[in-house]
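Keeping their order, the protein sequence lines are chains W and C. Under UniProt numbering, the first sequence has 116 at position 116, and the numbering climbs by one with no breaks. Under UniProt numbering, the second sequence has 114 at position 114, and the numbering climbs by one with no breaks.
Calculated directly from the structure, the hints in this document are not laboratory data. Bear in mind the structure is a predicted one, so any value in this text is a computation, not a measurement. Do not rely on the hints blindly, as some may be mistaken.
[Stated by the list, open to error] Result set (SDA-like, lysine to any residue): computed pairs, CA atoms no more than 25 Å apart in a straight line:
1) W:Lys101 with C:Ser202
2) W:Lys239 with C:Asn171
3) W:Lys239 with C:Asn195
4) W:Lys101 with C:Ile107
5) W:Lys250 with W:Asn216
6) C:Lys178 with W:Glu243
7) C:Lys207 with W:Leu247
8) W:Lys239 with W:Gly217
9) W:Lys101 with C:Asn129
[To be verified] What the simulated footprint calls covered on chain W by chain C, stretch by stretch (three residues with Cβ under 8 Å from a Cβ of chain C suffice, anywhere in the stretch; the number is not a length):
10) 82-94
11) 228-236
Note that the Cβ used here is the ideal one computed from N, Cα and C, for glycine as well.
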Amino acid sequence: MTLSVAEKSYLYDSLASIPSIRPDGRQQHQFRPIEIYTDFLPSSNGSSRIIASDGSECIVSVKAKVVDHTIDDDLLQIEIEISGERDDSLITESCTSLFNKLLKNIDMKKLQLTKKYSFKLFIDVLVISSNSNPVSLISFGIYSSLNCTLLPKLVSNFDDLEVEELPMFHDYDLVKLEVDSPLVFVLGIVQNNIFIDPAANESEVANNGLMISWINGRTIAPMRTFALNDTNTKGFSPKLMQEGIKLVEKYAPDIANALQNI
Amino acid sequence: MNVQDRRRILGPIEARPLAFPEVKSNSKEETAVVLSEFQAPSIQTTLLKNCNGSCIIENDKTSILSSIYGPRSTRSNLFEARCLINVTIKSTIFPTSELKELGSFLINVLESFVCLELYPKAGIDVFVNLNIEKVCDLSWYIPYIMMSIVLGLVDAGIEISDLPGCGFNDNNAICFTKNGSEVIGIWRDKGDIENESSFGDSLDACKEQYLQIKGLMANYLLSKLDNDKTK
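Go ahead and model the full structure; you've got the sequences and the hints to work with.
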């Protein structure tokens with residue numbers, strides 16, 4: 001989005017005022033409306049399509065494979081593709097590295113089938129269009145696709161060390177995957193104000209951005225600052241980080257609850 | 001369902017997999033070294049001749065060399081009113097995607113204190129070589145990397161608005177400027193944030209380390225200035 005100098009100045013002043021006035025009238029903690037469709041890919045174990053109100057769109061697919069976890073202990077693999085960006089571009093590699101670290105917070109024991117075998121999940125993310133930072137959108141997509149993931153039901157014995165055998169599954173019964181998935185919140189900082197989910201025009205004037213991860217009532221790593229634009233980046237008061245953590249801890253359970261109920 | 005069929009896949013019931021004794025390595029605890037305390041490093045600038053500025057930061061655990069090229073004109077046909085910064089980090093220990101992520105983080109940090117508007121239609125390339133013997137979290141090295149880049153920028157004569165630095169405590173690497181009154185970056189890779197007060201304590205510890213680093217850098221630059229004058 002290209003804004004004129006006058007527009008930027010007007011936006012900056014209104015966002016920096018106390019209380020801050022956002023261009024679309026949202027509260028400090030309020031997200032833009034999002035549309036989520038789940039389970040729409042027939043060949044995946046779980047899938048979701050998430051569309052933000054600014055037209056940003058992201059598709060997530062979860063596929064499962066049975067692996068021997070004594071040999072392959074990396075049970076989650078994520079691939080992110082952002083349209084218009086090369087696979088080795090800075091934004092794609094940074095996002096992949098960030099989500100690889102983030103998904104380490106998922107309890108891998110939930111994927112265990114028997115004493116020897118586990119499900120390995122392949123999470124493929126395709127960002128079709130993004131007008132603002134896509135990280136939050138991707139994490140919501142992963143959350144809702146994991147939430148609707150169905151895996152084959154194990155019918156063979158759990159203890160396969162005494163009598164070695166390959167796991168056997170029921171012909172048609174499926175079991176819902178019960179894992180807590182992490183969420184990432186993007187916060188914009190303008191002077192002494194911090195707000196959740198900056199839109200493209202807010203990102204254009206923000207002094208800095210903060211990425212806070214959350215899972216099941218806990219604020220977790222990774223946590224990062226990142227520039228929302230390349231012209232207006234500045235330092236900010238250390239107190240704003242604590243305020244951001246407080247804001248996420250207060251409102252994240254509501255968002256997780258809303259995503260859970262889809 | 002045929003039980004017999006699936007039970008015979010890996011041989012008879014009595015069969016046991018071959019067990020080999022564990023191979024004990026001679027080296028002691030090479031991985032997962034926890035280094036919490038900041039160790040004052042040795043600093044040396046103007047090492048390399050072919051770049052505009054360079055700095056090496058060394059102690060017994062690390063050797064970090066930064067080389068700065070620029071400001072030099074870009075080949076782009078577009079008019080850029082501000083200078084573009086690029087950071088490339090090289091290491092054999094950490095995966096490329098993680099190094100690229102750190103590079104992207106450092107670009108954002110540099111954009112907040114380098115006077116980019118003074119160098120229109122130009123670019124600054126920062127290359128950082130990490131020669132690290134022991135494996136630690138990448139975040140532990142950020143204070144040293146920042147120190148190396150800042151002194152490299154000073155060596156290259158690039159104008160910066162302050163002498164920023166970074167402190168590390170409790171998995172947080174926090175970059176400060178303006179005597180700790182402003183934060184320009186935070187990088188945290190592992191561990192839960194228990195509560196705000198514990199985060200506040202970590203913030204204070206990082207700030208203390210930043211002030212220590214800033215003192216080291218200022219002393220080095222002043223002594224270098226004195227040496228140059230006497231020559």
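These are the hints, each one checked on the structure:
With a C-alpha separation of about 21 Å, the suggested pair Lys101 (chain W) and Ser202 (chain C) falls inside the 25 Å cut-off, and the hint holds. Between Lys239 (chain W) and Asn171 (chain C), the direct Cα distance comes to roughly 18 Å. Compliance with the 25 Å bound is thereby established for this hinted pair. Using a Cα cut-off of 25 Å, the hinted pair Lys239 (chain W) and Asn195 (chain C) holds, with the two alpha carbons roughly 14 Å apart. Restraint check: the Cα-Cα separation between Lys101 (chain W) and Ile107 (chain C) comes to about 21 Å, which is no more than 25 Å; the hinted pair holds.
Between the alpha carbons of Lys250 (chain W) and Asn216 (chain W) the distance comes to roughly 12 Å, so the proposed pair stays at or under 25 Å and holds. For the proposed pair Lys178 (chain C) and Glu243 (chain W), the alpha carbon gap of about 21 Å is at most 25 Å, so the pair holds. Our distance criterion of 25 Å between C-alpha atoms is met by Lys207 (chain C) and Leu247 (chain W), whose separation comes to about 23 Å. Proposed proximity of Lys239 (chain W) and Gly217 (chain W) is supported: the alpha carbons are some 21 Å apart, at most 25 Å.
This hinted pair checks out: Lys101 (chain W) and Asn129 (chain C) have alpha carbons roughly 23 Å apart, not beyond 25 Å. With 4 residues having a Cβ less than 8 Å from any Cβ of chain C, the stretch 82-94 of chain W passes the three-residue criterion, so the hint holds. Under the rule that three or more residues need a Cβ within less than 8 Å of chain C, the assignment of the stretch 228-236 of chain W holds, with 6 such residues.
Comparing the model with each earlier hint shows no violations; every hint is respected.
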